[in-house]
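Could you build the full structure based on these sequences and the hints that come with them?
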Amino acid sequence: MLMKPGIELSAIHPAVEAGVNNRDIDGLMALYAEDASMVLVDGSVATGLSAIREQWLGLLAMNGHITLRTRFAIPAGELAVLSNEWTFEVGGAQISSVAAEVAQRQSSGGWLYVIDHPFAGSEPDELATIAAAMGASAT
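The end of the sequence shown is residue 144 by my numbering, with every number in the run present.
Hints are computed from structural coordinates only; laboratory data are not their basis. Just to be clear, a hint being listed does not mean it is correct.
Pairwise CB distance ranges, derived in the manner of DEER restraints [to be verified]:
id	residue 1	residue 2	range
1	Ala133	Arg110	31 to 39 Å
2	Ser55	Ala81	23 to 31 Å
3	Ala35	Thr75	13 to 21 Å
The calculated lysine to aspartate or glutamate pairs, modelled on DMTMM-like cross-linking and capped at a C-alpha distance of 20 Å, are [stated by the list, open to error]:
id	residue 1	residue 2
4	Lys9	Asp29
5	Lys9	Asp31
6	Lys9	Asp130
7	Lys9	Glu39
8	Lys9	Asp47
Small disclaimer: the values here were computed from a predicted structure and weren't measured. We put the CB at the ideal spot given by N, CA and C, even for glycine.
Okay, here's the thing in structure tokens:
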């Protein structure tokens, strides 16, 4: 298994923004640990790089534009908790939420996501609106 070097903690959110806006799936996937998990809009969890890649490809296919604002990035030993506010614009419509994330320090000193919850700050009714805008279903 090839170890990824990770990225500076303060660079994770800008890298996500650049990855989405440049349609760079490889750049996005370089931010995740092999066994990372991503919480989906319906509350289910995609685990592992293949499942997370599938989710990102669906978003990138929408040809939208994302803006992220880091709320915080707090390291504690080998883990860090992060949060950002994001807005995704596509076809004149906007969806937004607050994400909660956990990153893990790699042996290189860089950081990779181990948990990514893009919809952590959304209430159930908001999730239904987001899911409809993304062509998914929220339960």
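Practice problem: Provide an ascending list of the numbers of those earlier hints which the structure does not satisfy. | Solution: 6 and 8
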